[in-house]
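**Student:** Chain residues, written in single-letter form:
2 protein chains.
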Amino acid sequence: MAAEPQAIAGGTPADLTAAEAAKRIEQGQLSSVELVESCIERIRQVDGKVEAWAFFDEELARTQARAADELRRSGKGAGPLCGIPVGVKDIFDTSDYPTENGNRVQKGRTPRKDAAAVAMLRAAGALIMGKTVTTECAYYHPGKTRNPHNPEHTPGGSSSGSAAAVAAGMVPVALGSQTNGSVIRPAAFCGVYGFKPTHGLIPRTGILALSRALDHVGFFSRSLEDLALLAEVLVGWDEGDPDTQPRARVPFREVALEEPPVEPVLAFIKTPHWDKADTDMKEAFGELRETLGERVEEVDLFPSATDAWEWHRIIMETEMTANLRHLWDKGEKKLSQKLRDLIARGRETKAFDYLRALRMIPALNASFDEMFEQRYDAIITPPAPGTAPKGIKSTGDPSFCSLWTLVGLPAITLPLMQGENGMPLGVQLVGRRGFDARLLRTARWLEQRVQS
Amino acid sequence: MAAEPQAIAGGTPADLTAAEAAKRIEQGQLSSVELVESCIERIRQVDGKVEAWAFFDEELARTQARAADELRRSGKGAGPLCGIPVGVKDIFDTSDYPTENGNRVQKGRTPRKDAAAVAMLRAAGALIMGKTVTTECAYYHPGKTRNPHNPEHTPGGSSSGSAAAVAAGMVPVALGSQTNGSVIRPAAFCGVYGFKPTHGLIPRTGILALSRALDHVGFFSRSLEDLALLAEVLVGWDEGDPDTQPRARVPFREVALEEPPVEPVLAFIKTPHWDKADTDMKEAFGELRETLGERVEEVDLFPSATDAWEWHRIIMETEMTANLRHLWDKGEKKLSQKLRDLIARGRETKAFDYLRALRMIPALNASFDEMFEQRYDAIITPPAPGTAPKGIKSTGDPSFCSLWTLVGLPAITLPLMQGENGMPLGVQLVGRRGFDARLLRTARWLEQRVQS
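Read top to bottom, the protein sequences are chains W and C. Plus 195 on top of the position in the first sequence (first one is 1) and you've got the working numbering. Plus 195 on top of the position in the second sequence (first one is 1) and you've got the working numbering.
Everything labelled a hint here was simulated from the structure, so no lab data went into it. Computed from a predicted structure; not experimentally measured. You can trust all of the hints, since none of them are fake.
Put simply, identical chains are the same to the list, so a pair is met inside one copy or across any two.
Taking lysine-lysine and the DSS-like style, the derived pairs with C-alpha atoms no more than 27 Å apart in a straight line are: (1) 244 / 588; (2) 588 / 525; (3) 528 / 545.
Full structure from sequences and hints, please.
**Tutor:** So, in structure tokens, the structure goes:
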């Protein structure tokens, strides 16, 4: 049922998952230099069409790969991602590559310090392959990237380059971020796995701040196991992010690979935006429900949640306006009309409405907690209205993500289906707040069930 | 130099400080019942004029006193406040007394659960003497309480009853709260000690929420040692207050009683509101500076802080409007014109201005941290423009407190001086964020220096 990206040749190191590659590197069957050379080769082959990279330097990638191999040979604490190249969305500060946040005001910006998530990747042995294209300030105005499955279609956004680079086999995994639908949507459009863990699990220190309430770090891969591997590396506390907290280490991979003790029950939630889903998506979900039989039940969203999209909009516009004020002050005219319109709206929001919207988050969470506690292992719902729309002037509609982002629930999209035109269609699973490892386990069960 | 409240007779148990009374109770020289009877007697004598209590029940007080004596006799973990009666501002939920938050909408409200601070007092062995009068919702509209030094004068607000009850010897200590100047101002007007510890040190769970950024729990006493004693009991973590955090226990009393290793240097800061200070206050500060000689230096407030009063106003009006919405919805017409005006203004605040004001708090804190690190042990500044103003229709001007409340610095007022008319004048000391025990030590040094 899964779609194969046209650009992937198969069989070369570039096509390995991160977990497979890390295992081979650890066992001495593969070097980081070989892996990185294979990825460089892939980039040379396909990136002319895809344009996934904002910054990419072959020599910088090679140097890091040699250092990783050196470290592994020395036997000194090579981490779980030793020698694995990672793509990093260009809103994460990096101390080697520039970080322009996809906007023209910050052209040539070279931060000195790695974002916390980047530092965690490096500490785990990973190397930063390059910076992937983001939409302008991770909002709607698109970058140059195209969908690897068909360059006439959008890869989705805002983490466009990360999703496309992973889909095209240029890197096994990549970092992205989601404030509305910026991980789940592009992952679904590009036919890869995308994971946005619970709000506050991964520190956002050193990334372009749009909204403290809504910003999430997320990531892309070509296997569920890789999502678990990255979660193990990236979940943690950082004093720069007040929404993180010290936690006991969660063995994400171990839990993800367990059999569920009882067969999961999924809640199929259409949300008030179901009418936006196209025929492809509706048919695919019809099939999926047949496949899953009694393991899935249709559940109505509780009425109080129907305004959630409005609350999301108020919070996002308000906090983005406050956070992007410095860009506006420095170079208003260099910002896209879409972003200027957002800021103009955000300036007019009443604090009273903003605070009320913020207060709805814990209220909604209490309702979802109850739903999960009483019966359901996860919610199953579309990640997007359909396959990637044609054209690269828009990145598609995030409506099927906004609610889950607002409440900070963990969400995964799996590339399990495809549309009439052969483009990938995702399936989104949404879990209980803080139960990220179990969501991975449920996702694995779903994948096996669908593929069997 | 200190003023003696007219109402205090002296010599009876009601005139003991909490620390003295606790010591006598521990040593078996005094029972809680004797202490509480003495306080009841005082209330009968003076409260007709002062009207410090919103709810007071002699029998409920006696019952708790008997239970405390029983507990002490049984030898089972009587805490540091065993048998000590405490006055509690009527915005703290109490499971025995009603809690009306000083407004007409919540008449007859009887919460089931104690506020966290009340529970901490009870766990330390204290008993709740009664609920003290607060202004309407701890804002400006005054309650019935009068200044014990002269009933024609305001006791200050919003913690009017707590300050007056302690000043008149009806209880040795009392709880209050400060969102602008609601602990420091009434303490100064009533001639008692007032302490508002660093923001986030004392949990606010179960008190009427006005502003997460600005609300502080504070308290009143007739000695510095009692402030330290209460701090030891009340500082702590509560999961209901996200601004608190688990901390190591601070031995406030021990530190407060230490000699400073070197003589402190105080920064005398006039603030942009100095012109509001009356002749009494200006003369008293002139004398104080002569007494302290080279230990005090006049310091100009950094220019960026001059807008702090405006930021304070924006945050207070905005958050109060959001927090008091349920009262407005239930009984708009039962609210005072002052409170309705505040809510009308608060509804119009732009979220953009509100978020900008919130962001100034850490920026200002960084500047104050630097000032304290480089040279000064504390800031010395008036707690109010002068002695308690005549009339009880207003609770006086909080301008000399707003800045310190905004930045969340610990503040103490000491009843060290008096005005021409014999009414008390306070001296406010403001310390570094989180260095509350040292501020108490500096306060003790100041008191000894002034009284010697």
